[in-house]
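Peer 1: Listed below are the residues making up each chain.
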Amino acid sequence: MISINTYLELIPSLLDGAKVTIQVLLWSLIFTFIIAFIAGLGKLSKWMVIRGISTVYIEIFRGTSLLVQLFWIYFVLPLFGMELSAMTAGVIAMSLCYGAYASEIVRGAILSIPKGQYEAAIALNMTPFQRMKNIILPQAFKIMLPGFGNISIELIKGTALVSLITLSDLTYQALTLRNTHVGLTTEIFLSLLILYFFIALPLILFVRWMERRVQVGRA
Amino acid sequence: MTIWSWDYTFEVFPVIFKAMWITLSATIVAFALAMVLGIILAVLRRSSFKPLVWTIIGLSEFIRATPPLVQLFFVFYDLPFFGISLSPFVAGVIGLGVHYSTYCAEIYRSGIESVPRGQWEAATALNFSRTQRWTKVILPQAIPPIIPMLGNYLISMFKDTPLLSAITVVEMLQTAKIAGSASFRYLEPFTIVGFLFLVLSYPSALLIKQLEVHLNRRKKENKAKKSKVKDVAPSC
Amino acid sequence: MLTTMSKEITEKRIQTEKPFVVYKKVSKSFGDLKVLREIDFSVYPGEKVAIIGPSGSGKTTLIRLLMTLEEPTSGVIEIDGVPLWHKEVKGKLIKADEKHLHKMRGQIGMVFQQFNLFPHMTVLRNCTEAQVKVLGVNRKDAEDRAKEMLEKVGLGTKLDNYPSQLSGGQQQRVAIARALVMRPKVMLFDEPTSALDPELVGEVLDVIREIAAEGDMAMILVTHEMEFAKDVADRIVFTDGGKIIEEGSPKEVFENPKSERLQSFLRRMRK
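Chains as they are written, first to last, in the numbering used here: chain A, 1 to 219; chain B, 220 to 455; chain C, 456 to 726.
The following block holds chain A by itself, in its conformation from the complex (with noise of 0.2 Å):
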């Protein structure tokens, strides 16, 4: 019975905390699908040197832990003179980690559209550049959104991870706060569950209309 008026003083730290997730989460989101369409292009380009950037750079942030990769650049990076602050390094990870998944999805989209879109666009004259415009990127965008999305989602779980270099996130300020309240380790963890579902639950049900959409077109 002591723990709801003490559990009501948490709130307030857990809410900062939610401020710097939130924080973290919209510049990872900005850079990530920058990013994504960088690589996701790089990837489809015609030269072989730029496809080959853009798939080395995929296949190294998919193919280890995005954990490891904040470790590297958080820990790593100042050994060679590039001291970054944990936000920096947090969403320089996330970015570059997501950035990577996100650009598969480009291209799948790209890669989806009918080839006879390309051809019109050519006999209409129009330049490379217009045909990707104009006619390619429009329709595969509508694609790729239940999969930007998920990404988002997946990057929302994702910033809890700047937790763990130190970064005063919604996840660093629960275990802060369990720290000095043991007792109260269930109500705050079920908190830090629901706070970051709530955050995510806008993009859920984006993904889900998405989704029936989808599914109602091709029935």
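It should be emphasised that the hints constitute simulated quantities derived from the structure, not laboratory data. Please note that the accuracy of each hint is not assured.
The calculated lysine-lysine pairs, modelled on DSSO-like cross-linking and capped at a C-alpha distance of 27 Å, are [what the hints assert, rightly or not]: (1) C/Lys554 x A/Lys43; (2) A/Lys115 x C/Lys613; (3) C/Lys588 x A/Lys142; (4) A/Lys115 x C/Lys640; (5) A/Lys43 x C/Lys713; (6) A/Lys133 x C/Lys558; (7) A/Lys142 x A/Lys43; (8) C/Lys489 x A/Lys115; (9) C/Lys480 x C/Lys613; (10) C/Lys547 x A/Lys133; (11) C/Lys602 x A/Lys133; (12) A/Lys43 x B/Lys428; (13) C/Lys554 x A/Lys133; (14) A/Lys46 x B/Lys428; (15) C/Lys550 x A/Lys46; (16) B/Lys438 x A/Lys115; (17) C/Lys595 x C/Lys613; (18) B/Lys428 x A/Lys115; (19) A/Lys46 x C/Lys489; (20) C/Lys547 x A/Lys46; (21) C/Lys595 x A/Lys133; (22) A/Lys133 x C/Lys713; (23) C/Lys489 x C/Lys706; (24) C/Lys554 x C/Lys479; (25) A/Lys142 x B/Lys428; (26) C/Lys595 x C/Lys607.
Simulated coverage check for chain C against chain A, where a stretch passes if three residues somewhere in it have a Cβ under 8 Å from a Cβ of chain A [what the hints assert, rightly or not]: (27) 521-530; (28) 556-566; (29) 573-579; (30) 663-670; (31) 683-691.
Computed far set for chain C versus chain A, every beta-carbon distance over 12 Å [said to hold, decoys possible]: (32) Ile549; (33) Lys595; (34) Lys613.
For each residue, glycine too, the CB sits at the ideal point set by N, CA and C.
We have chain A; now place chains B and C onto it with these hints.
Peer 2: Structure of chains B and C alone, referenced to chain A:
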């Protein structure tokens, strides 16, 4: 300070390599758990008792949308309050296993749903028993396409095992971190860990892709006629 | 009546003018498969040529080379005396770059078997996008021209519809308008009615007939519709096994086929 020390590399490599067995055994045990729990979730979702179905759906969405790291903390730090004290390894395996079971359930479901309705009807028409319908008709068709999907999740679970370091499981990353903080050299240990992950996961991913291509080709041959019809109406 | 009159005009032209499109010993292979074998073929300004032949005879590939959708394996294609796939540098022909192709493509238009309308654009937008982006026409003028052409193909009331809301025949008519607005000098039709339900074939053929009757644009039609080919074309080209076996006026080809292969093809088509 030289950038990369090979001497140090050869010194820490065996230490980290040894820890790989912890990583691998955690992956295998956790994935086995995920596959079994996944079956249970998938079966419960087919129940005719709606509240149960909704609970399962809600719970799965919740588990899938929240960070596995937090779930690990929950299992490791919170279950002792309910009288369940677990070693870091067991807590880690349970945490990852439960998290991934929700994905496995989803995969099973998609496999079963990919079997056309006509197959159920044909099996019924041939008067197969309920068990026979499943074992002779549905599962043989539902299982092959989900194998590559399960494979992909196995790899992603493998890549999630460094999370276990947060609950003090001494797997590869934790070993590297301990080595790094002792020597103040992080470059080599972390690079080795990354390298080992890449060396294990990349070929596995290629293998699964191969399998997928193989299965798709088989499917395409069966559906050759159907796809021809589809080609005629592209612009919708 | 308009049709026959314009035919006479074009026939006169053929005698006086130089060919607009010329294929010189053009071959095309896909891997080991030889689709075209040393084709020599020309089209005169304003001429309507129908290409007939069994499927797999290379007739579609023949026009896809001209639209730059496929690259010839050997040989040269010229448009108005300029090589299409090559550039002349110091008397030698080298492979052309995208810039050269872009310059040349402006003279060619194409209507596809599968329509290939842009599903994310309205009918009007389908017909204005390239005018604005490629020709640099301002949007207002582009829309006026698009409306005029859509009117001509009988779809002046469907401007704001999306392709998915139209029947196959309507979609193909939009595709024709979309190609027309670009004012090509040669228009290619790749089996424009093959993907249509039988009852929708007529409306598309009627539109093509009408355009053909206007006379000033050359047309190459790959088609299985023999009656239509006979009506519209000044010249019929019969291909088989990657070669041009026989060509001539519709009368010669349909009423007095010389080669055994054309005879048996026509027999099969009449059945």
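Peer 1: All hints, please: hold or fail.
Peer 2: Status of each hint after checking the structure:
The hinted pair formed by C/Lys554 and A/Lys43 meets the criterion: a straight-line CA distance of about 23 Å does not exceed 27 Å. Between A/Lys115 and C/Lys613 the CA atoms are separated by roughly 26 Å; this keeps the pair inside 27 Å, and the hint holds. Our distance criterion of 27 Å between C-alpha atoms is met by C/Lys588 and A/Lys142, whose separation comes to about 22 Å. This hinted pair checks out: A/Lys115 and C/Lys640 have alpha carbons roughly 25 Å apart, not beyond 27 Å.
For the proposed pair A/Lys43 and C/Lys713, the alpha carbon gap of about 53 Å is over 27 Å, so the pair is violated. Between A/Lys133 and C/Lys558 the alpha-carbon distance is near 20 Å, which keeps this suggested pair within the 27 Å criterion. As the CA atoms of A/Lys142 and A/Lys43 are separated by approximately 20 Å, the hinted pair is consistent with the 27 Å bound. Note on C/Lys489 and A/Lys115: the hinted pairing holds, with a Cα-Cα distance of about 22 Å set against a maximum of 27 Å.
Restraint check for C/Lys480 and C/Lys613: not satisfied, since their Cα atoms lie roughly 44 Å apart, outside the 27 Å limit. Our distance criterion of 27 Å between C-alpha atoms is broken by C/Lys547 and A/Lys133, whose separation comes to about 35 Å. Simply put, C/Lys602 and A/Lys133 have alpha-carbon atoms about 25 Å apart, close enough for the 27 Å limit, and the pair holds. Restraint check: the Cα-Cα separation between A/Lys43 and B/Lys428 comes to about 17 Å, which is no more than 27 Å; the hinted pair holds.
Among the hinted pairs, C/Lys554 with A/Lys133 is consistent with the structure: their alpha-carbon atoms are about 18 Å apart, no more than 27 Å. The straight-line distance between the Cα atoms of A/Lys46 and B/Lys428 is roughly 23 Å, inside the 27 Å bound, and the hint therefore holds. Distance hint between C/Lys550 and A/Lys46 is fulfilled; the C-alpha atoms sit about 16 Å from each other, no more than 27 Å. With a C-alpha separation of about 22 Å, the suggested pair B/Lys438 and A/Lys115 falls inside the 27 Å cut-off, and the hint holds.
The suggested pairing of C/Lys595 with C/Lys613 holds, with an alpha-carbon distance near 18 Å, which does not exceed 27 Å. In summary, the hint linking B/Lys428 to A/Lys115 is supported, as the alpha carbons are separated by about 23 Å, within the 27 Å threshold. In summary, the hint linking A/Lys46 to C/Lys489 is supported, as the alpha carbons are separated by about 26 Å, within the 27 Å threshold. Note on C/Lys547 and A/Lys46: the hinted pairing holds, with a Cα-Cα distance of about 26 Å set against a maximum of 27 Å.
The straight-line distance between the Cα atoms of C/Lys595 and A/Lys133 is roughly 22 Å, inside the 27 Å bound, and the hint therefore holds. A threshold of 27 Å between alpha carbons decides the hint, and for A/Lys133 with C/Lys713 the separation of about 51 Å lies outside it, so the pair is violated. The hinted pair formed by C/Lys489 and C/Lys706 fails the criterion: a straight-line CA distance of about 31 Å is larger than 27 Å. Of the supplied pair hints, the one linking C/Lys554 and C/Lys479 holds, its CA atoms being roughly 23 Å apart against a limit of 27 Å.
Among the hinted pairs, A/Lys142 with B/Lys428 is consistent with the structure: their alpha-carbon atoms are about 25 Å apart, no more than 27 Å. Proximity of C/Lys595 to C/Lys607 is assessed by CA-CA distance (about 19 Å); at most 27 Å being required, the pair is judged to hold. Coverage of the stretch 521-530 of chain C by chain A holds. Counting CB-CB distances below 8 Å, 3 residues qualify, and the rule asks for three or more. For a cut-off of 8 Å, the count of residues in the stretch 556-566 of chain C with a CB near a CB of chain A stands at 6, and the three-residue condition holds.
With 3 residues bearing a CB less than 8 Å from a CB of chain A, the stretch 573-579 of chain C meets the requirement of three and the coverage assertion stands. With 0 residues bearing a CB less than 8 Å from a CB of chain A, the stretch 663-670 of chain C misses the requirement of three and the coverage assertion fails. A stretch counts as covered by a chain when three or more of its residues have a beta carbon under 8 Å from one of that chain; for the stretch 683-691 of chain C and chain A the count is 0, and the coverage is violated. Even its closest Cβ contact with chain A, about 18 Å, leaves C/Ile549 beyond 12 Å, as expected for a residue assigned away from the interface.
At roughly 19 Å from the closest C-beta of chain A, the C-beta of C/Lys595 stays outside 12 Å, upholding its exclusion from the interface. Under the 12 Å C-beta cut-off, the non-interface status given to C/Lys613 relative to chain A holds; the minimum distance is some 18 Å.
Comparing the model with each earlier hint shows violations of hints 5, 9, 10, 22, 23, 30 and 31; every other hint is respected.
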